[in-house]
Amino acid sequence: MASQYKLTVAVNGKEYQREVDPRTLLSDFLRYDLGLTGTHVGCEQGVCGACTVLLEGEAVRSCLLFAPQVDGLEIITVEGLGTIDDLHPLQEAFRDAHALQCGFCTPGFLTTLVPGLKENPHPTEEQIREAISGNLCRCTGYQHIIDAVKLAAEKLDA
Amino acid sequence: MIYKIIGKRVKRVEDPRLLTGGALFVDDVNLPEMLHAAFLRSDYAHARIKSIDTSQAAALPGVVGVFTAEDMGEDWEPGPPLVSPPPTLENVTFHSRRQVPLVKDKIRHAGEIIAVVVAESRYIAEDAVEEIQIDYEPLPAVVNLEKSLQPDSPLVHDDLDSNLAAHLVQKKGDYESAREEAELIIKRRFHLDRGAAAAMENRGLVVDWNAKDQHLMVWDATQSPIPIRNGMAARLGLRTHQVRVVAPFVGGGFGPKIMMFYAEEMVLPWLTMKLNRPVKWIEDRRENFYATTQEREQIQEVEMALSKEGRILGIKQSIIHDTGAYNPYGLTTPLNTQSHSMGGYDVKNYESELTVVFTNKTIVTPVRGAGRPQGIFVVERLLDIASRELGIDGRDLRRLNFIDPDDFPYHHQIIDQAFTELVFDSGNYLPVYKKALETIGYDRFLQEEQPRLRKEGRHVGIGVVPFIETTGVGPYEGARVAIEPSGKVSAATGVGTQGQGHMTSFAQIIAEALSVDVEDVSMVTGDTAEIHWGTGTFASRGAVVAGNAVLAAAQDVRQKVLTLASKILETPEEELELDGGLVRVADIPEQSISLGELAVLANPFRGAVEPGTEPGLESTKYFGPAYGATAFGVHALILEVDPETMMIKFLKYVTVEDCGTMLNPLIVEGQIHGGVSMGIGNSYYEKLHFDDNGQLLNASLADYLLPTSAEMPPIEVIHLNTPAPNNALGTKGVGEAGAIPVPAAFIQALENALAEYELEILETPLSPNRLFELLHKQEENQ
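Top line first, the protein sequences correspond to chains H and P.
Residues 768 to 925 (our numbering) are what the first sequence spells out, left to right.
Residues 84 to 865 (our numbering) are what the second sequence spells out, left to right.
Okay, chain H solo, but in the shape it has when bound (with noise of 0.2 Å):
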């Protein structure tokens, strides 16, 4: 049996220490150690995105990485964006967009735009694609994505 690693981690601005078996990943961390179950899982092979998370700001798989590679890091979930009462203007501008069906990619979606609205806050639609195509949704066709986005960009301009 693997010795437990303790880790020290914060998550949306607030700070947790939990010790963990060292293979555990950092998806089911988040979700069952932390309780934090935005994050969702579609593939655990690093190819759907749909667990998409902010490491240092960066978007990442988080599937792909074990819990203790974050130790002493800050990570935001899609928690971390904003709450019901309080919607980020991207998750404001997906509402309003019809951007969601089942909502199971959405939260990789949104961890993944937020970062990429900072670098590039005026995308065209090929550029918002190419930012996108990193993450897969059955439900959409991704039509309204695209549309929430530029939405969501002239919500940030304003």
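Hint data in this document are derived by calculation from the structure and do not stem from the laboratory.
Note that the Cβ used here is the ideal one computed from N, Cα and C, for glycine as well.
If you want the footprint, here are the derived chain P segments under chain H, 3+ residues with CB under 8 Å:
id, region
1, 281-295
2, 757-770
Residues of chain P clear of chain H, computed beta-carbon distances all greater than 12 Å:
id, residue
3, Ile135
4, Thr151
5, Leu172
6, His240
7, Arg262
8, Leu267
9, Asp476
10, Phe491
11, Pro514
12, Lys518
13, Leu645
14, Pro655
15, Leu659
Add chain P to chain H, keeping to what the hints say.
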């Protein structure tokens, strides 16, 4: 005051929770003392098990138990048949073979479950699975459909004489006479192949048996919680009220999540009752490719007889349909193929022989389209070929053959998947077709743009394909609507929701009927504690069947409100109006009473409730259509292909859809966009590759290619409305429409783009590799 909410682009009420990570999906359920199950699945597609040794697995710390078929004893039994053979047809051969909880005699497809480990964590359970020792005796696998019927083929089910699962013939009119009159007869062989639904959420369930309470709680990512509840109760010897099944937010269904009962849905309830602890199992993506049902493989030989003017005189078809290792879903999918093989055309003579075969591959049950795309594919390809051979424009051929609007309801005299006569209820096809051709700019493209692009060396082509979609079939759905003492409205229906926005679209129906705001209606779907009777979400029927039940229940509640308010306010009903939670006397607005107050008065603590009335302001109604509603649409696309790289780019994509009354246009558009993306996947990117040993070679999202945002075009959706005559909402289903015509339209455009190659493509899905092969074969021939 009139509230007009049906048909509005209302933002979804469920979105804020989904957007902030606050929506419950099945893997979010975590209970104290919960155990985790992991399955040992067969690597072989066809094999006997000589021995199983679970001792090392059971000895791992943290493992609570390892179980095989033997351990289930008398509790082991195959799943229930979901759909019987068509009772309304004669001369039907049908051998029902259903999937098993744990393999007993032999393995029939790769991924079939041999043993289950239950442990304190998923990690330990999966470690233990690796420790199970199995001695297999591999057997030759049945993979190829035509070979499966040869006399020397290995048998998937040894108690049958062959791999024949079913056989039937459907006839309409007299094809042989039609053939004699024909001036052109075209005959082709088509091969259509498997694809996966690949919802972003894999399957999963959590089961919790409480022995003190004698109650089983189940969270299941299913499209049909009520039948699952009924089946689980029956299998476990419980009353239906001892079992509650909740389908929480489900991350996409697309068909396979309605298959019942998956092996896991049989094993987990048994485990929780045996171990007296909650048990969770969440499928991973690799398991999903092997163990979640798939669809689409068929070999068809189809003959079309036409007059020299292009009138279709008859169609004759033989279908070999692959059902995989078992056939719990009966003939639904291939019956749909038959129902769609005449398209929206007036075909008076049709003969179709269906042969269904068992193979050592994953079980086949409907995937979005459910057999319809295959029917549309063959009829549209044959018309494309007829157009070339007769020298008649393909558009004229379609227009000549469309069912005339005066001929509805159109009786096809064959039976459909609901075992009733296939009847197209209504439609008006020419305006939809015309709109599609205009919007895509068909003439201008052929006459100006294509020649110009060709001169530049670019290969750009156009495809326009009309299609019908049978929707809104029975048997029935129900809805319960109630006004709460708070004045808000609560409602429930039995269909589950996997992204279709039922919580909003059905709330819109209620809000309009009761003159309240959508935000004041709380619509619950997928919880068997909220409503007792129903079937599920499938076959593009939610809006039609559940929607109309919702309407009936809401209207009944409105009437109860008026009746009671009339008594309380001492005013005739005609002089009362509902507005935003109040009932008012029309000319004297100060005389009013709130819905909440009425609800309290309707459930008195003292006094007498009048005989013949019911307490409360609540109503449960059911809707069961005699036959379905047939939607119609046209997809038109322009694509460019690079014959060196085989890469495709869509330049324009237009859909014109007639699904009757829309509940919420935003949601309809979303359904079409999503359907088209699956259709594009089915055309060029998605194919499940099984080798001769029945091994799936591309069981990962890295190798089974789902369209990304980079492959998808923007899609223009135009909506026309021929209201459905047989339901009060006038609505038709649209959930699968986006996927149905795409392969046919894609191929038409591809052949047009590569016209100099004179391709005749009779297969789907294609791929860049396959296109390369076809082009080079054609180059050699030319």
